[in-house]
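Going down the list, the protein sequences come from chains L and H. Add 563 to the 1-based position in the first sequence for the working numbering, that's all there is to it. Add 378 to the 1-based position in the second sequence for the working numbering, that's all there is to it.
Don't take every hint at face value.
Stated by the list, open to error - 25 Å max Cα-Cα, derived SDA-like pairs, lysine to any residue:
1. L/Lys665 with H/Asn563
2. L/Lys639 with H/Lys746
3. H/Lys746 with H/Ser682
4. L/Lys639 with H/Ser682
5. L/Lys665 with H/Gly393
6. L/Lys686 with H/Arg388
7. H/Lys611 with H/Asn563
8. L/Lys686 with H/Ile380
9. H/Lys715 with L/Gln774
Derived from the structure by calculation, the hints contain no laboratory data.
Each chain is listed here by its residues.
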Amino acid sequence: MIEIKNVNKVYLMGEVEVHALRGVSLQIEQGEWVAIMGPSGSGKSTLMHVIGCLDTPTSGSYRLDGAEVSGLSDDKLAAIRNRQIGFVFQTFNLLARTSALKQVMLPMQYFRDGARIAASERKRRAQEALEMVGLGDRMDHRPAELSGGEQQRVAIARALVNDPTIILADEPTGNIDSKAGAEVMEIFHRLHREKGITVVMVTHDADLAAQAERTVRLRDGRVCE
Amino acid sequence: MITDLLENLRVALDGLTVNKMRSGLTMLGVIIGVGSVIGLMSIGEGAQASITQQISDIGSNLIFVMPGGSGGGMPGGNGGGSLTMDDAEAIADSRSVPDAATVAPQFGQNAQVIFGNENINVSVTGITPEYQDALSGVEVVNGRFIEEKDVVRRSNVAVLGYQSASDLFGGFDPVGQKIKVTLPNGGGRVSLTVVGVLAEQNSSGMSDPNEIVLTPITTAQTKMFNGRNSLGKPIVSNITVVAAAEDRADAAVDEITTLLRDRHGLDADEDDDFMVMSQGDMLEMANQITGIMTAFLGAIAGISLLVGGIGIMNIMLVSVTERTREIGIRKAVGARKADILIQFLLEAVVLSLLGGLLGILLGVGLGKLVDMTGLMESLVTMDSVLMAVGFSLAIGLFFGIYPANQAARLNPIEALRYE
Numbered sequence: 564m565i566e567i568k569n570v571n572k573v574y575l576m577g578e579v580e581v582h583a584l585r586g587v588s589l590q591i592e593q594g595e596w597v598a599i600m601g602p603s604g605s606g607k608s609t610l611m612h613v614i615g616c617l618d619t620p621t622s623g624s625y626r627l628d629g630a631e632v633s634g635l636s637d638d639k640l641a642a643i644r645n646r647q648i649g650f651v652f653q654t655f656n657l658l659a660r661t662s663a664l665k666q667v668m669l670p671m672q673y674f675r676d677g678a679r680i681a682a683s684e685r686k687r688r689a690q691e692a693l694e695m696v697g698l699g700d701r702m703d704h705r706p707a708e709l710s711g712g713e714q715q716r717v718a719i720a721r722a723l724v725n726d727p728t729i730i731l732a733d734e735p736t737g738n739i740d741s742k743a744g745a746e747v748m749e750i751f752h753r754l755h756r757e758k759g760i761t762v763v764m765v766t767h768d769a770d771l772a773a774q775a776e777r778t779v780r781l782r783d784g785r786v787c788e
Numbered sequence: 379m380i381t382d383l384l385e386n387l388r389v390a391l392d393g394l395t396v397n398k399m400r401s402g403l404t405m406l407g408v409i410i411g412v413g414s415v416i417g418l419m420s421i422g423e424g425a426q427a428s429i430t431q432q433i434s435d436i437g438s439n440l441i442f443v444m445p446g447g448s449g450g451g452m453p454g455g456n457g458g459g460s461l462t463m464d465d466a467e468a469i470a471d472s473r474s475v476p477d478a479a480t481v482a483p484q485f486g487q488n489a490q491v492i493f494g495n496e497n498i499n500v501s502v503t504g505i506t507p508e509y510q511d512a513l514s515g516v517e518v519v520n521g522r523f524i525e526e527k528d529v530v531r532r533s534n535v536a537v538l539g540y541q542s543a544s545d546l547f548g549g550f551d552p553v554g555q556k557i558k559v560t561l562p563n564g565g566g567r568v569s570l571t572v573v574g575v576l577a578e579q580n581s582s583g584m585s586d587p588n589e590i591v592l593t594p595i596t597t598a599q600t601k602m603f604n605g606r607n608s609l610g611k612p613i614v615s616n617i618t619v620v621a622a623a624e625d626r627a628d629a630a631v632d633e634i635t636t637l638l639r640d641r642h643g644l645d646a647d648e649d650d651d652f653m654v655m656s657q658g659d660m661l662e663m664a665n666q667i668t669g670i671m672t673a674f675l676g677a678i679a680g681i682s683l684l685v686g687g688i689g690i691m692n693i694m695l696v697s698v699t700e701r702t703r704e705i706g707i708r709k710a711v712g713a714r715k716a717d718i719l720i721q722f723l724l725e726a727v728v729l730s731l732l733g734g735l736l737g738i739l740l741g742v743g744l745g746k747l748v749d750m751t752g753l754m755e756s757l758v759t760m761d762s763v764l765m766a767v768g769f770s771l772a773i774g775l776f777f778g779i780y781p782a783n784q785a786a787r788l789n790p791i792e793a794l795r796y797e
């Protein structure tokens, strides 16, 4: 469960203070599917980063599954990203010159704290994740050899492979055609339905947002409904 | 822990193989650096070993007495004629130097020696029959050696070194032939009859013992070169003394020093006007000189190793900038600072260590190449190999830590946004 209370985020852009989030409070239940909408500069990306533990709030409280996250060290945040959160980005963010299988194995490489995964097990899990997104026959392909939709599905497999409780998707269909986009959305539906994963999706597209259970609108760093 | 390291190593190797050309060229800097360190040091060590061997070969009971003080004067020069035949005879007197068994005075210079159309420049050395007893390896293969009667009569006879004989006479027998020695400073020519030829000797050193013309010392002093000092006494270039036993060499050095100081009338506060060196002294001196030479060569080569290290740092910095997005992705999926640091540090270390290992091969190859030319010998020591490996490891760590730290400190959000 994600509990955000009165979170502020202030950036320093040179000399100017930018208030990206102004007192945002938000609660997302485990297994919920929430869309975050808002115009550019509304703070939705910053909110995503805070929820994804890529960034820490300037003030306010963020509790993830009951544990306070704000104020944790970089390494603790890295461990949370590794174990509990899967990211899907608009631009896929795959490693160039690396096969799909190795992309998906990447998060397991950073799975530490005494619970190491053996190499054969990593491979098995990565294959399983790729099959789950329908890329069982594309495992040895590099990103350049895959279509946009396929690349995004590799990214989803990578996000899934450590069994996270939350998937954070930032405009996941923004860079792919509508047919591939529909396939990606279908995968999110399945994850949500079958695995009970919390999905938080940032989007411009009202049709996509309509597929979520709930929509949170942001404007000027504030939640407006 | 070990599996972690192997895992990180694999990631580092992956990172390097992605850009093989660049990794290879970066490594080349280290390869050349380490190769030249190993190669040049092997030449230095080889020179040291061969000089040490040469000095050891002459026997540890040998003592060399030369004119000129330790403070001034060129060793091997005539040192203003401070060392005379009388000095040599006094050293040979067992009452004053009981630990000297054989005393062999020499007097000579380089000169032009002619036979027929052949013309060579060799050391023409005046000696006494004791020369053969003092120096090992001096054997006559043809004819006879210089004898006492030649010295007494100042005979115009010569014994040729192996190489000089074949240079002047080619295949045929030199014994009984007359050779001409051109004297320095327009002193005309002296004709010598060849009475013997020496056997070939090992010539690992700087001067070839086979290129020599031996003649009676009295002949050299009176008929050929200016062999008298201002008092009209016949002088010598050096005296080779054989100590009675190896463990008496130091005692003999002391006895000779005391005797010569007394004979030359030196006061207690005056420096010696001669030099007495045992084989041990010469070894020490030679080791010191060649040691400095080796260190000097190593230091010059070390500069190229440093340049190689800077090359690594440069390419790692480029790599970090270029792979900013990759770093962001790795951080987003849970890589910690230490993971990124180790990844990039290992890449630098793998580059430098691999370069170091290839460089050792290159250095050993260089040494072998030098061996093949026959001019010098090389010797690759374990020390220099370990030093090169240690150095390349240190260079990888030193020049890798800064770029790796830059990578580890990147903010994941900014890194992901990096275009």
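Against the structure, the hints come out as follows:
With a C-alpha separation of about 86 Å, the suggested pair L/Lys665 and H/Asn563 falls outside the 25 Å cut-off, and the hint is violated. Restraint check for L/Lys639 and H/Lys746: the C-alpha separation of about 56 Å exceeds 25 Å, so the hint is violated. Between H/Lys746 and H/Ser682, the direct Cα distance comes to roughly 21 Å. Compliance with the 25 Å bound is thereby established for this hinted pair. For the given pair, L/Lys639 sits about 43 Å from H/Ser682 by alpha-carbon distance, which is inconsistent with the 25 Å threshold.
A threshold of 25 Å between alpha carbons decides the hint, and for L/Lys665 with H/Gly393 the separation of about 13 Å falls inside it, so the pair holds. A hinted pair counts as satisfied when its Cα atoms are at most 25 Å apart, and L/Lys686 with H/Arg388 qualifies at roughly 15 Å. At most 25 Å may separate the alpha-carbon atoms for a hinted pair to count; H/Lys611 and H/Asn563 meet this at roughly 21 Å. For the suggested pair L/Lys686 and H/Ile380, the alpha carbons sit about 20 Å apart, so the restraint of at most 25 Å is met.
Only pairs whose Cα atoms come within 25 Å are accepted, and H/Lys715 paired with L/Gln774 is rejected, the gap being roughly 38 Å.
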